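Just need the whole structure built from these sequences, with the hints factored in.
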Amino acid sequence: MAYMIRNDVFSCFAFYAVLLVIKMYILAIITGQVRLRKKAFANPEDALRHGGLQFHREDPYVERCRRAHINDMENILPFLFLGAIYSMIGPSLPVARLHFLVFFMARILHSIAYLFALQAPTRSLAYTIAQIPCVSMAVQTLMAVTAYA
Amino acid sequence: MAYMIRNDVFSCFAFYAVLLVIKMYILAIITGQVRLRKKAFANPEDALRHGGLQFHREDPYVERCRRAHINDMENILPFLFLGAIYSMIGPSLPVARLHFLVFFMARILHSIAYLFALQAPTRSLAYTIAQIPCVSMAVQTLMAVTAYA
Amino acid sequence: MAYMIRNDVFSCFAFYAVLLVIKMYILAIITGQVRLRKKAFANPEDALRHGGLQFHREDPYVERCRRAHINDMENILPFLFLGAIYSMIGPSLPVARLHFLVFFMARILHSIAYLFALQAPTRSLAYTIAQIPCVSMAVQTLMAVTAYA
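Sequences listed follow chains A, B and C, in order. Just so you know, we're using our numbering here: the first sequence kicks off at 1 and counts up by one. Just so you know, we're using our numbering here: the second sequence kicks off at 1 and counts up by one. Just so you know, we're using our numbering here: the third sequence kicks off at 1 and counts up by one.
Note that these hints are calculated values from the structure, not bench results. A quick note: this is a predicted structure, and the numbers were derived from the prediction, not measured. One thing to keep in mind: the hints can contain errors.
Said to hold, decoys possible - When the alpha-carbon atoms are kept at most 30 Å apart in a straight line, the in silico DSSO-like pairs for lysine-lysine are as follows: (1) B:LYS38 to B:LYS23; (2) A:LYS23 to C:LYS23; (3) A:LYS39 to B:LYS38; (4) A:LYS38 to A:LYS23; (5) A:LYS39 to A:LYS23; (6) C:LYS39 to C:LYS23; (7) C:LYS23 to C:LYS38; (8) B:LYS39 to B:LYS23; (9) C:LYS23 to B:LYS23.
Written out as structure tokens, the structure reads:
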């Protein structure tokens, strides 16, 4: 192992961050499989290949998968940035790990709640819990760099 | 303060970047509040919790908030990357700060113009102004690393 | 040249990553031009400026551009993160460059296939090929940092 990976907090962050990226990839694969099974394609060229233009259509469950994916982009992608710079302001490892772990678990729950349409407010609760470590990291980072604004 | 924060330009970037992430979070909160006030939910399970399936519907102002958020993802998320690597190619602090500040102000204006539906071309102008520092950072970074392609 | 750019792999990554960000910017510009040419605007204030509220409407080709852009966000934005941290675990330059180059070429092909509606499965194939280096980088990074979880 080499360069960066002398920073324990950053390495801990990288672990959960990469798992969440893989989680997003899995969601994309699920969406593709649902499109094939439901025969609902966003593009006419895909529909033509799978039976005809009548399958160039929307499906409620495909749209649900899409919303889950877009919500991931709205939340996990900023985390990839926030977690990285928070790791560089020198937090203690146990505190930092708690931030990453809470976000990770809550976002896994969020995806499950979305895909299985769990009763409200399960999904919103997961979203809100995941935001807590994000806001905490944002505030701590701002305080660390505010002199450079 | 610790590790990274020996690089003044990166710290300056981190300040504006984190503020913009918080701005995106605020936009998500606004969207959620508008959904509740207008009773327009993207998911049937949310509609059921807030009065019934008739509220599983679209609303023009909710869609406007969504478009503002997606435009932020298209522009602010690449900035989080571009600004970080531009900070590492050794620009002077005043020049770098100008890049970050122009982007920051233009994206704040963009969100205001979107949410209040200000007369065209206010929003497009804000978008274009915000792109100028991004293209500048992209070109300078490309020139700095082109030998390694 | 300064700070970071002592890491050859990271510089190589930065080169292709910045080019892909520029590619996303170009897609946004194309979408805007298509909106103007087809007179199909997402916002009433834009339609009013370009001939009237009847042009506040959807257009199939504008929607195609939008889908191409969102697919870029789903794939290129995680790459900006994965490639950066993979660069820091000390891969050999030729192997790393191969990862970046395959992703870069496949995503260029993906955009071309989307915008020109090339026959299926060209676009899906480009997407799948681009995912291979991403999964490879994700797995290698996970293995490098797993002790810090």
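Structure-based check of all given hints:
| no. | hint | result |
| --- | --- | --- |
| 1 | B:LYS38 to B:LYS23 | 22 Å, holds |
| 2 | A:LYS23 to C:LYS23 | 25 Å, holds |
| 3 | A:LYS39 to B:LYS38 | 33 Å, violated |
| 4 | A:LYS38 to A:LYS23 | 22 Å, holds |
| 5 | A:LYS39 to A:LYS23 | 24 Å, holds |
| 6 | C:LYS39 to C:LYS23 | 24 Å, holds |
| 7 | C:LYS23 to C:LYS38 | 22 Å, holds |
| 8 | B:LYS39 to B:LYS23 | 24 Å, holds |
| 9 | C:LYS23 to B:LYS23 | 25 Å, holds |
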